[in-house]
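Asker: The chain contents come next:
Protein chains: 2
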Amino acid sequence: MKQYLINDPWCIVEEGFHRDYNEITESAMSLGNGRMGQRGNFEEQFTGKTLQGNYVAGVYYPDKTRVGWWKNGYPEYFAKVLNAANWIGINIDIEYESLDLNHCEVRDFRRVLNMQEGYLERSFVAILKSGKELQVNAKRFCSIVDDEAGAIRYAITPLNFDGKITITPYIDGDIRNKDANYDEKFWDEVRKETAYGEAYIELRTRKTGFHVATGMCVEIEQNGTKIDYQSQPIKYEKYVANRMTLDCERGQETAIYKYAVNLSSLNYDPDNLLADARQYIQRITRKGFDKMLYEQKQAWADKWKMNDITIDGDVAAQQGIRFNIFQLEQTYTGEDERLNIGPKGFTGEKYGGSTYWDTEAYCLPFYLATADQKVARNLLVYRHKQLGKAIENAQKLGFKAGAALYPMVTMNGEECHNEWEITFEEIHRNGAIAYAIYDYVRYTGDEPYLVDYGLEVLIAISRFWSQRVNWSGAKQQYVMLGVTGPNEYENNVNNNWYTNYIAAWTLRYTIEAVEKVKALNPEAFAELAERIHFREEKEVATAKHIVANMHYPFDPERGVFLQQEGFLDKELMPVNDIPKGQRPLNQNWSWDRILRSCFIKQADVLQGFYFFDDEFDTEALRRNFDFYEPMTVHESSLSPCVHSVLASKLGMKEKAYEMYLRTARLDLDDYNNDTEDGLHITSMAGTWLAVVKGFGGLRVQNETLRLDPYCPDNWQSLAFKLRFRGVLLQVSVTQDSVTVENFSAQPITLQLLGQPLTIGKESAETVAIAA
Amino acid sequence: MKQYLINDPWCIVEEGFHRDYNEITESAMSLGNGRMGQRGNFEEQFTGKTLQGNYVAGVYYPDKTRVGWWKNGYPEYFAKVLNAANWIGINIDIEYESLDLNHCEVRDFRRVLNMQEGYLERSFVAILKSGKELQVNAKRFCSIVDDEAGAIRYAITPLNFDGKITITPYIDGDIRNKDANYDEKFWDEVRKETAYGEAYIELRTRKTGFHVATGMCVEIEQNGTKIDYQSQPIKYEKYVANRMTLDCERGQETAIYKYAVNLSSLNYDPDNLLADARQYIQRITRKGFDKMLYEQKQAWADKWKMNDITIDGDVAAQQGIRFNIFQLEQTYTGEDERLNIGPKGFTGEKYGGSTYWDTEAYCLPFYLATADQKVARNLLVYRHKQLGKAIENAQKLGFKAGAALYPMVTMNGEECHNEWEITFEEIHRNGAIAYAIYDYVRYTGDEPYLVDYGLEVLIAISRFWSQRVNWSGAKQQYVMLGVTGPNEYENNVNNNWYTNYIAAWTLRYTIEAVEKVKALNPEAFAELAERIHFREEKEVATAKHIVANMHYPFDPERGVFLQQEGFLDKELMPVNDIPKGQRPLNQNWSWDRILRSCFIKQADVLQGFYFFDDEFDTEALRRNFDFYEPMTVHESSLSPCVHSVLASKLGMKEKAYEMYLRTARLDLDDYNNDTEDGLHITSMAGTWLAVVKGFGGLRVQNETLRLDPYCPDNWQSLAFKLRFRGVLLQVSVTQDSVTVENFSAQPITLQLLGQPLTIGKESAETVAIAA
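Same order as they appear, the protein sequences are chains X and D.
If you use the UniProt record's numbering, the first sequence corresponds to residues 1 to 771, in order.
If you use the UniProt record's numbering, the second sequence corresponds to residues 1 to 771, in order.
Same shape as in the complex, but just chain X:
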């Protein structure tokens, strides 16, 4: 836990330079616009602790897999998020001294991420070894309006000297991924160009052959007036720059405006990439920094209008939830159905891949409730596009006839992960993808989606489940052997309840979806059935037989489902009995000891209760919660949120709040000592879930929005925005009452605290909360 960042409702603030925590601050102050992003690095040279990171969405490298012992079926490569050309660089030299905060005294340092308006600001006075004092004020952003561009205003003011200052804005493409498996470089240079104030470089990724052109244009202002300057073009390998030396006077501000673009061959013809970059640069340079920043603020204001959460009485909580929303919005905008939500977004390169089951299980509800319907829809279309690869993936594991297994980690649909117990066995991910289709249709009512995309995916996943179970002669039931459930502290278990449940549920839902699509659009159904050789009668009959005869391990004595077969053979004990100093277990216990213990990394049976909320009564939930939660160590950042939502449902307010706190400020407080590697983007959606689904009690039942909100004891009030089928609402909760405001031009009828309530257009209703 590090609490050096200052609590503020709208900003992340560092006061004074925390040199040792710089990599953490860089992560926290990352900028992104869904298409490109970067860590909160310094523009000028910095030889201290730093992880330079610039990322371009969708551009990846297939790094050769590294394993100890190769097993048949392992993927040949792991798709790494690529650290790309550094476009923010502006070096400052004053005669023979370089500005480098690692080698000078720093005064009045302040670095601020402004989340309300979407920019990063930094100011400080550097006192060089020579005694010269230089004031720096820098501001930059990744534009969400011009989403392949960024802009920087970097202003320097000599405080106690006159003299020549050399300024070198550059683009450096000689970049290495920190986590490369074999320490290789992933980029080759294609071409580069410099012109007056401008410089361009085009790089190509090895193996995958993505081209990315990065360009910059530099303008200088002195005394508020744009000036001409002499510049010297510089070209090294994978590096371009313009160097200029300016006369600067004491107290006079010189402002460097650096405009930059990153165009990739995903979106542009690679043959014309540099020319396109030049055009783009010229356009944004004409627009200018101030206009771009103004547009940025407007765009962010529009976002906050739809997704803000306000918490009164707890600035740290307020800051935490806004930080999470802000980073989620920076990572994924839903504009491009080829993109997804990387575990670190644009804030680091660890883990690699861009898509995990986190997207469906945790992130989807956030985008469903806070953004246009197409954003969530594109997340689903992404998986439909990769269905062919998922079928190939299943084939590699011996499945046939159109069965699909979606990958654990992927960039392009191919499996990247290479730990057999996860790669091959953590197959419940397939269920989460089916569930996301259900969740999306339930929330939006977009049934045509089922016709056009959803059913095809559901059938392919159901085919997988039908082949993956087997008939147990001993049990006279279907069993599923050799799986890893959501709780990764168990490997290769039999009959994981959650996996069995979601498999059978998928089969049920697929049968329903078949009926629905047949009713909605018989021609489309017939076309699909023909195309994918869907033998309806036989496949549905098999599915029904499995649904009717699936084995669910259960303890009749305690009335709880068993996480897996044999769970009760373990030595059962609460987490509180683990001796002091032995947690987190994954850093203190050997793997076998973790596996045979009863301790649970993250919701497993309870994940089922969370997803299939209305298939179990509250007493069953309570029994299972009381049994499993005390054995849960929550060593996954995705764990506490699910428990928080369930505790809210059970009226266990303190537990719900405790669980909410476990991830609300995970990265801001560097709770797990790993924020320096980047932010836990997908688990940020979990905090949102804890607030809106937990404290807010948001559910959709029978096409109707249902809210059961309460305000945690520690807060005065809580308010969140919400979109539902074209209506924008704000739900405000105090200790005593709930007010729901409808901003839309249509009325809405919802269930509030168990009672139906209609709220007219552009009006609000308040209901008291029973004591």
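Any given hint might turn out to be false.
One copy or two, it doesn't matter: identical chains are merged, so the pair holds either way.
[Unchecked claim] With a straight-line Cα cutoff of 20 Å, these simulated PhoX-like cross-link-like pairs (lysine-lysine) come out:
| hint | residue 1 | residue 2 |
| --- | --- | --- |
| 1 | Lys580 | Lys396 |
| 2 | Lys400 | Lys580 |
| 3 | Lys538 | Lys396 |
| 4 | Lys71 | Lys350 |
| 5 | Lys655 | Lys226 |
| 6 | Lys238 | Lys185 |
| 7 | Lys516 | Lys185 |
| 8 | Lys544 | Lys374 |
| 9 | Lys178 | Lys238 |
No lab work stands behind these hints, which were simulated from the structure alone.
Use these hints to put chain D onto chain X, whose structure you have.
Answerer: Same frame as chain X, but now just chain D:
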């Protein structure tokens, strides 16, 4: 399957140069003497396919572990068998042409490993590009009398020219391990020296700091007379040589004698290593090649007198079994209790480490029956020496109070293996080490061993088992969760029957051993109990409670033990139902598919029936054999032998012979396409088991040797030698009768075919086999 080597009762013969199979031949024709060894490489330069390999026993390198995903508890390094300086090299240059079988025509090529006398011989005529023809006859061996030395006679005869021939005998220490994890070199040079006809180099291993001095002395004969020659010393980095140019005449033989030694700091003071090497070289050079070879033949004759197996009517089988015996004898001689039996011996570097459970489970009986008692004893002392490390290893996994877990793979007692499901969970290896103590004492009657070493090891292993089980509330029995049994096609299972059984058996045997040691030597027992804090009453009571309440999964319907909990939930089917082209499974199925299938890599339940032969009746064996064997794919080279022994016991002669054939010529016929990496040394002991314990029916019961021999239908007769408590026997079996000959000066009473029989000293008895 490759059958290019010629069948011969005593030799491995290659007729004509099989260029593409050269690495296979090199493996098959490896030489060793327990202290050093080498592959059957060429002396002269060869630029074709070759794996140069020279190895020095006990010298290893801790190569940095490579894993995909680090798990807590993994060892930091993997101890690799080190490829050491090449001392056989003799380059031949004729004017501007180098002798290199890759670049010339080869005639009359013949390479022979003579197993009877222990040397490697090679002859050929090389026709160089210039048309010059050179006859080469080479012979070499690693001396088992001077076991740090080797000698070569390399004779060249120009057939159609006179001229100058340049001869460069060298030592090359610039060696790289083929399987280095990060492609690093493991040796540094310490010093080197050359003198007339001599050259020395001392190298030191990185990290481990072993010093190895390799020296050579060269003598030349022409016309059968030793000649003086002028030589030019050559020194490069890690390389020394003497180059000489000789006038050679057509038809005249020039013989190069190269004497070499490898001295390591395991046995010599590193400060004096070069001087010791010089002395050693001088001694063997004085002895001379012919005398050394004569001694070698004598030594091998002595070995064969005690361990030979003869098979009449099947030359391939005869060759196969002798090859296996020969390679086992080359690998381990039992002279040094710090050494063990590496999986590839001195024939390759794959897998690394020198000690696996193979030693106890497969190799020990071979050395027990064919060598002096001290040989097997030293294998046991080896583990006693490493007990401290085994206790440390268990501590790393959370065990305490002197519990020991022996490593899966080791060089010095520390665990090297890094696959969690094996490293941490394949703990039955601990049981095999306890079993070996039992087996040794049973065979030899050496009860003092229990007092001095055995009991301490047994108590430490028993402490591990006592802590590793846990009480299942659900079963009201002890269970053992999260293990991998001998069948590595199951991972992380619960209640593996074999592991539960050997654990409880260890506890039983330890209790017995405590009583025995107390009776034999109460003072020694008291001293031990004090030293290791053995709380007899409590530990014995715990052990008894576990023994009485251990859970053994069992199917009452079939009357079979279950390989593990839940085995009957699998889809049960015989191996024969696996579609064609899908075997071996480990090259065709993904790991998860293998795991959830019923297919068995190697004996698991049946390994228990093999070890604990007299604890189950034949009908139980038959039921379990009939249930498990048809599901066994035998994809471990250690599998068929156990099944062969059991099939023999069950009178299933055809099955026993089929299983015997599966490994009898595994390497000679390159059955698994991997002989090029080196030989499967430990599984060679398995073939011996199939013959002597299977066909021969060798057992020890109640201090008495028991033999139930038969001769497989395909053979006319089978005879094997056997040592038992000071007596040397030969058992000869035909289809009709058994003759047991006693070569010793004392009589022996044994059980032959179920009847007691006394054989007088130096006499023989023949008994008819009932039809």
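Asker: For each hint, tell me whether it holds in the structure or not.
Answerer: Hint check results:
1. Lys580 with Lys396: between (45 Å within a copy, 17 Å between copies)
2. Lys400 with Lys580: between (50 Å within a copy, 17 Å between copies)
3. Lys538 with Lys396: Neither: 24 Å inside a copy, 54 Å across copies.
4. Lys71 with Lys350: between (23 Å within a copy, 16 Å between copies)
5. Lys655 with Lys226: neither (59 Å within a copy, 93 Å between copies)
6. Lys238 with Lys185: Answer is within: at 12 Å inside a copy they meet the 20 Å cutoff, but 32 Å across does not.
7. Lys516 with Lys185: Result: close neither inside a copy nor across copies, 51 Å intra and 66 Å inter.
8. Lys544 with Lys374: neither (33 Å within a copy, 67 Å between copies)
9. Lys178 with Lys238: within (18 Å within a copy, 35 Å between copies)
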